[in-house]
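Please take these sequences and the hints and turn them into a complete structure.
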Amino acid sequence: MIDDRSAALEVEDLTVAYSDQPVLWDIDLVVPAGDKMAIVGPNGAGKSTLIKAAMGLVPSVAGEVRVFGRPFAKGNGEIAYVPQRSSLEWDFPTDVLDVVTMGTYGSLGWFSRPGAAERDRARAALEEVTMEAFERRPIAQLSGGQQQRVLLARALVQEAPILMLDEPFQGVDAPTEQAIAAVLDRLSDEGKTVIVVHHDLQTVPEYFDSVLLLNVRAIESGPVADVFTEDNLRLTFGGRVGVLAQLAAGEIDS
Amino acid sequence: MKMNRRILVVFTLVVVATACGGGQPTGDTAGPLRVVATTTIVGDLVRSIGGDTIELKTLMGAGVDPHLYKPSAGNVRAMASAEVLVYNGLHLEGKMTDVLAEMGTRGVETLAVAECVPADSLLPVAGYDTLHDPHVWFDVGLWQHAAACLRDALIRIDPDHADGYQLRGDAVIAEFADLDGWVRERVATLPDERRVLVTAHDAFSYFGRAYDMEVRGLLGVSTAAEAGTADVQALAAFIADRGLPAVFVESSVPPRFVEALTEAVLARGGDVTIGGSLYSDALGSPGGPAETYVGTVRANVETIVGALSGSDQ
Amino acid sequence: MSPELEILAIAIVTAVAAALPGTYLVLRRTAMVSDAISHAILPGIVVAFFLTQDLNSPLLMVAAAATGVLTVVLIEALIRSRLVPEDASIGIVFPALFSIGVILISRGASDVHLDTDAVLLGELAFAPFHRLTVAGVDLGPAALWSMGAILAVNAVLILLAWKELKLATVDASLAALLGFQPLVVHYGLMTMVSVTAVGAFDAVGSILVVALMIAPPATAYLLAERLGPMIGFAVATAAAGAALGWAVALALDVSIAGAIATASGLLFAVAFLAAPQRGLLAQARRRSGQRLDFAVRMLLVHLLHHEDTPEAAEECREAGLFRHLGWREAWTRRVVGKAEQRELVARAGELVLPTEAGRHLANNAVIGFGD
Amino acid sequence: MELFGDYTLRVVALGSGVLGAAAGALGSFAYLRRQSLVGDALSHAALPGIALVFLLTGSKAPLPIMLGAACAGWISTLAVRLVVRRSRVPYDSALGMALAVFFGFGLVLLTAIQKRPDAAQAGLESFLFGQAASLLREDVVVMSILGAGCLIVLGALWKEFKLLSFDSEFGDSLGRPMRRVDGLFTLLLVVAVVIGLRTVGVVLMSAMVVAPAAAARQLTNRLAPMVVIAAVIGVISGVSGAVLSSLIPRLPTGPTIVLVLSAFVVLSLVFAPGRGLFWRWIRLGRLQPAAALNPVLMHLYALSQQHPEEPDHGHGLAVLRTMSPAGADLEQVLGDLQSRGLAHVVGEGLWAPTPIGRREAERSLDHEAEVRS
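Sequences listed follow chains A, B, C and D, in order.
Note that the working numbering numbers the first sequence so that position 177 is 177, with each residue one more than the last.
Positions in the second sequence are counted from 1; adding 1000 to them yields the working numbering.
Positions in the third sequence are counted from 1; adding 2000 to them yields the working numbering.
Positions in the fourth sequence are counted from 1; adding 3000 to them yields the working numbering.
Hint data in this document are derived by calculation from the structure and do not stem from the laboratory.
Hints may be right or wrong, so weigh each one.
[To be verified] 25 Å max Cα-Cα, derived SDA-like pairs, lysine to any residue:
{"no.": "1", "chain 1": "C", "residue 1": "Lys2166", "chain 2": "D", "residue 2": "Arg3321"}
{"no.": "2", "chain 1": "B", "residue 1": "Lys1057", "chain 2": "B", "residue 2": "Ala1078"}
{"no.": "3", "chain 1": "C", "residue 1": "Lys2163", "chain 2": "D", "residue 2": "Leu3334"}
{"no.": "4", "chain 1": "B", "residue 1": "Lys1057", "chain 2": "C", "residue 2": "Ser2002"}
Structure, rendered in structure tokens:
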């Protein structure tokens, strides 16, 4: 086990099991600081479970998670989480600024209320995702792409060194996809570490530096150039060779 | 899947086994006359007239309000093996009244004692000439009809012990007559303006008519009816204007209803207290003074007269 | 047949009749409709009483059933407007209807002993004494016939509309897409629920009906994976609960309806704990057994990883294993012992190395999960 | 009769108003967390608590009865949470089961008590449930204190409760103990409901937890105004119900308040600006929301979204079949879309939405978003 001081996130022997089938099995992962990593794999590979288990949102049977060498603990603002858009009830009575301000709750005490400073931080984050004009807009009236940007802005406000996003590019319009990709680039340039559960293999080389191929077990992880190969994909996605062949050649998406 | 089926089979076996154990041989015919009574008040009447030549089972225990009564499994067995079913009637026992009436048509001796009272002396329910107030027993005079009715029925059903029933029946009727006189005399001690009985439920109309007292209830008879603020205000104004010293709670109704009334009267400058708790639909605990019907009447009258005449003496 | 056995028969028939529509209520997440109906039928009863002035006329029952259907229609209209969630829709409609009933009673019939309990609600204990006699022939308790008819109708309707009901329950939009009429099916189901509820109120009392419509299907939901077996289990559990509750009530001389409701709850609790896959104990047993099994596999995968690597001496040294795997020493020894016992590892001096069988297991420790 | 000079009206109006405010505010969070039916469930689940207290103490004194009811109610909410967390039984079934089984057990206890020759048991089960018209001064004091307490806690832990209702998992990721916040909120609700049951009865309490929130939700799209409006609706209904029932004889106060609440709900459902059925009818010509989205067209649109630069990028039946549930007759639906010019074949067995089809999908999406707002 290389004990690399600069590694932002180290996951060791992480195992998660719900029913009798393990969902994640003895995952070892090292993500250097500033890296943009995609987690890809077939349905049921445990992609979402991995980031949730790493963040302690889901119980794990075994395993250890370290951030910058220290054991990870929720609540000290080290990891910012962007959930799947579809997991939220968007008919909730609140507006865009209010949702983004929730990102500042981590730094506020129990009984204190978000003040002007927090709202300004939220506005800054909204500008980064070009949503500042929608500040007062009720979230029920947002399109899919706009919802995704608001969730991203909420994570940005936390100014955490590591961000974990669950399917941020799922079913969003093209402009939103570009905007999110741009934000991820900027974060990476600033030395922040970005880990994204992703489904569109087509865009992996374009948006990410490294990739983790996951199917219940960590098949392979590392820079896209030397990991994102046809036989690794076949190992990860199993028998659907046909699709893989076209895939590698970049004709149709998964 | 076969695992679940095995669990299921075990379940049903266990259940069927216990079920058979539960069966009951139907009673034999010899021995004392098996009588089942519904309310405690009816039960007391049957006990006093039936004496020891009957085997009495009263479905509702002390303090059980017929409106809220919930039968248990044992009651079913008692009703099934009863030779005579005695109940109040006039729909006091709710749904059970129809069931008992129907049992009557199928050869089981049933007797609704309240329905022995001549129809013209029954108080109709406001607005419904087909329905009557079932609380007949508050008029001791009328309850004599119920006693006579029961006595004659027992004599008809169980002729071998007829003279016992005749003797005890007449004694009970005589006792009721004296009691009726005593109540009249006690109530007469109250000056006219004090003869007003205010209670939570509207159950004492017969008492009012028989002993010349004005009767007012905050709530109707139905447990589902709710009072309105106007009703509370009107009753409070009435009590304050009449300068009544006391109002009364019932054991089966939360006291807070009447407490709200007294607070309203006090706020109007009236001076009223809760004069005590009356026995309405059920007798008191066994061993206590109000264990019998006569006991409850005496207790109620003492409470009423005492509270209403108390303050200025 | 003795009255007690008649009560048992009525209880079982009612339980099964209620469990059939109840299964769909549970699956469609509208279980609380059964409780809402038990409150909302009051105005129907009162209006019918005002018309007939007779506390035991059958019209009261008909009016109650009609009000039950009205309740469902109003709830459904609120839900379909998509302005209010399902549970709030239920929570708005039934208090309003019940209040109308209470106001009618207080204004018109406060001196009449008239409320849902006194008028409509039957009591299982009285059922054997309310008999059906045709042309002088005593055919048995009326409740047995009424609930038997409702059971038959429910069973037939469910069999006839099996596909439609199943589809409408699983995916209403797809049902529409494929030409089934989810709305008609839905209202048909809700009418069945309303009629069954009101019929059963008269036979056994309202609270038992709510228990019988929800508890057995919920128990079955834990035992079965597909709709067919689920209904089978719901019916079986309903009958078992009715019989168990009945037996307890006789033994302890307590309320039969109350005992059956409690028994249905107990059966759910038993299934909740002991169900083969989904039960708590099964999950716990699996987890503890799993942990050792996982640990053995993790040990193998770990050893496989570092077997022919330069750090093998350090990584596979038995004494140091617990540090690399992040386990307590005692636990590590136990895992290694277990692996050795299953001949998956062999000791080579200080090192622990996977045997051929161990290597095979480690390789498909992951991919081979499909077995 | 000088209206507010009257003692009873003052007490009832004040009591109902205070309860309306507390129930309206708390009810808003219960409404958003899909816990609206807790009021009704607790009123049934409380029975065994009352019966046990009577079995132990032999008295019907109000305080022990209330404690017994609150404990039984609290245990039932714990049972519901355990069942929902540890098994796939949905929340409403667990709630319905808890309600019926607890009440059934209460019945068993009642009939056991009934056999004891103790007159004090008379009317036991009705001892928990009060009536609005018979509110006592002491009730109003207790309600005001507890009501104020609830509102203070709501205000103090505002963002925790908002997080709990909107995105509890995100709260967890921030390190907030969301399970404890959930437990605290449920406790507040149980206390408010049991107090409400004791003072105004089952029906009114159940309605007060739901109706104000449902009406307020239609009138605003932000949480703070919604809670305030719900509290105000609660107060207005409480007071006006009390006044109405003091003007008209034999008009019960509790049910009158419920009808006023229901009127508020109906009015706001129909006339709420922008969202109400009345405006929707004018705008869309019909009461139902946008035409049921054609799932297959939406799937085609979603797939095409992933290749913005290449609109006619086709997708095979295999991909489409994986997206829509088994048993869907795809060929027939695609044929129908083609006949309506919404989709067309772009390659051998590959389908894509036509430009019109794309616009129709976007319009349906907007309808969807707009109607849900």
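Straight-line alpha-carbon gap B:Lys1057 to C:Ser2002, limit 25 Å: Between B:Lys1057 and C:Ser2002 the Cα gap is close to 20 Å, so the pair holds against 25 Å.
Hint consistency between C:Lys2163 and D:Leu3334 [alpha-carbon to alpha-carbon, up to 25 Å]: 23 Å, holds
B:Lys1057 paired with B:Ala1078 [C-alpha distance capped at 25 Å]: Cα-Cα ~7 Å, so holds.
Distance restraint between C:Lys2166 and D:Arg3321, which requires alpha-carbon spacing of 25 Å or less: Cα-Cα ~20 Å, so holds.
Checked against the numbered hints given earlier, this structure breaks none of them.
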